[in-house]
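Make the complex out of the two chains shown on their own, each in a separate frame, by following the hints.
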Amino acid sequence: MVSQIDTRVADRSYSGTVPPRHAHDDVWVIVPMYNEATCIQQVVSGLVHEFPNVLCVDDGSQDDSLNLAATAGANVLRHAVNLGQGAALRTGFEYVLERTDATAVVTFDADGQHQVADAVAMVAALREKGCDVVLGTRGSARPEGQPEARRWVLRAALAFSRASSGLDLSDTHNGLRVLSREAVSLLRLRQRGMAYASELENLVARHRLSWIEHPVNITYSEYSRRKGQSNLNALNILFDLAFARVESR
Amino acid sequence: MIIKLLLIASALVALAWLVRSQPSSRRLVITRGTALAVTVAWIAAVINPDIPQYLAEAVGVTRGTDLLLYALVVTFTFTAVGWSQRVRHLDERISELTRSLAIANRRLDDIESGADVGGSRSTAPRADVAQVRARG
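Listed in order, the protein sequences are those of chains A and B. If you're matching positions, the first sequence starts at 1 in the numbering used here and goes up one per residue. If you're matching positions, the second sequence starts at 1 in the numbering used here and goes up one per residue.
What the hints contain is simulated information worked out from the structure, not anything from laboratory work. Since the model is a prediction, treat every value here as computed from it, not as a measurement. Virtual Cβ for every residue (Gly too), placed ideally from N, Cα, C. There may be inaccurate statements among the hints.
From the structure, some residues in chain B lie toward chain A, with a derived Cβ separation under 7 Å [as the list claims (entries may be wrong)]: (1) 90; (2) 93; (3) 95; (4) 98; (5) 102; (6) 103; (7) 106.
Extracted from the complex, chain B is given alone in its bound form (with noise of 0.2 Å):
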């Protein structure tokens, strides 16, 4: 049946998008072209009850809910799977925001309070001292 190997392939295909990290301007197209099929679909639904029913028994559904159905479950999956990795690279952001304003933080305090690092660092820290010193 062909419904099998479509929802077959869509899992697949999803498993695909869901471990390679970075979503390409491919998949970027892919997505917005199924959001406007979708749509479009829909509208045609609406206006004519009798499409979804075609398209079932033309892959091997028996009935147009089950279709529907079917392709619930597949755009839950892609939207699922487009959020998590959204979210994962959010964290990434906020990971290297976190990280370079602490160390900033830092650096600001040791500046305002005329002294660097309790290291033995080399010319750098000295360096901003001296130049707010001379702003001052």
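Chain A on its own, in the form it takes in the complex (with noise of 0.2 Å):
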């Protein structure tokens, strides 16, 4: 009985292209996605050859989104209505510690700026060091194609972050990004909107979990461009962030 089921199991995810035992099988990567009917099928074609465990959170998209990374070969996740990237991440976090014995998590968005060969050699430094938690930095180097303004934009995002979070930093606001099991279990996400990125340093911090950064390439396309969030966005992630600080308090 037990076996038969374990067939079933495994003709399920291993389907397509992908090899019976795999080195990330027990890699889960989430990807929030909000009405990205353009580019998900490529974005998750390109995760499932390497990473079995793909799983598309979609926040209340109004488009095709959620089938798409379902024949794309990805586990899905639907909001009801839309509740914002930060919300998504965690609800793709609660899934994998309740549903599944994954011991790495994988951040990675879902407009394709990101390239798995990236995902990889972090999931793979994470082994190596033993660490909780990898961040994907961009770097001092300027990415091609990025805007002048986004450049300044990040830049004061990154000395705030580096100041209210007390890490070193080299980049912030990075959607690639590696995580252990217990990393994820005490990274309990309580902003939904895009400040969450902020708060997981914070949280980095506060639980003195062990953290590297990773290189990795950004991809600015006309889509991803057009997709981004606006650089004026960063003033409400700061109005957000200040409030819940003087909340918590």
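Below, the structure written as structure tokens:
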């Protein structure tokens, strides 16, 4: 009986081109998505070659993102209403903690700005160094196609993140991260919107998790520029954080 | 002037309520008590229009209408603070609901399709499948 079900579980998850036993069996990739029909299929297809467990958390999209992601081979969760990227990630975290034996979790943006190879290298780094958190960093070099205004906003955001978390970061609000299961269980994000990225850094500092940075490449495509946050949203993030800080006292 | 103290104190209290996220029962009593007092004062002022003027002079305001304006501003501020907090708590609850609904739906799908999530999970999901099969 048990072996029968085992086979079927295996059949379902290792369909297609993915080999039966995979080095990343115990890694779950969480992709929060909101109206990403344009390129989610491509992103998921790229991921499933390396990671058999991809979980797309659809944050109440109005387009066909959910079906496209599922067709491309992702596990999908759906928020009935739009909550924000922070909330979508947390849903993914809770699902992975409750329902899987994952030892590591990758967070990956749905707009195609990250490279799967970077995620693979970061998982390897997490295992090699035995640390809790690997944060993707764009480094100090300016990525190809990054607009000037975005560069200044990121600089200001970095200065703020370094000061508020006390971590010696070289980049901030980069969507590509690898977290150990322990780290995921400690990172109870309360920020629903984009401010979660700063909150995550603060929680890493507060729980004294071991962390390293890992250089990653960012592709600034026309699509990701259009889809991405406006620079002005940085002010909203500041406000959310300031409010949460006063409130939690 | 007494009115200055009253107005500054009310602004500070509103700020304190804004940043203290948990509405307490004491706060509820104060809100309800104030609402009651305002209603009584309102009726009294309608019956005897001299009352606002008398109160205004007592706290150092020239005209009764000015005192009413001040009271209106303070009331509005507290109402706004109260509602923004309610909305924030509702947002938190909606997030929790949405999250558990998303996970529960996924679980249902897994059970219906007779397979569990594509990981190497443990005993719990298998027990689910077995239960459904046993019932079926």
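Tested hints:
1. 90: 12 Å, violated
2. 93: Residue 93 (chain B) check fails; min Cβ-Cβ to chain A is 12 Å, beyond 7 Å.
3. 95: With Cβ-Cβ at 5 Å, under 7 Å, it holds.
4. 98: 5 Å, holds
5. 102: 4 Å, holds
6. 103: With Cβ-Cβ at 5 Å, under 7 Å, it holds.
7. 106: 5 Å, holds
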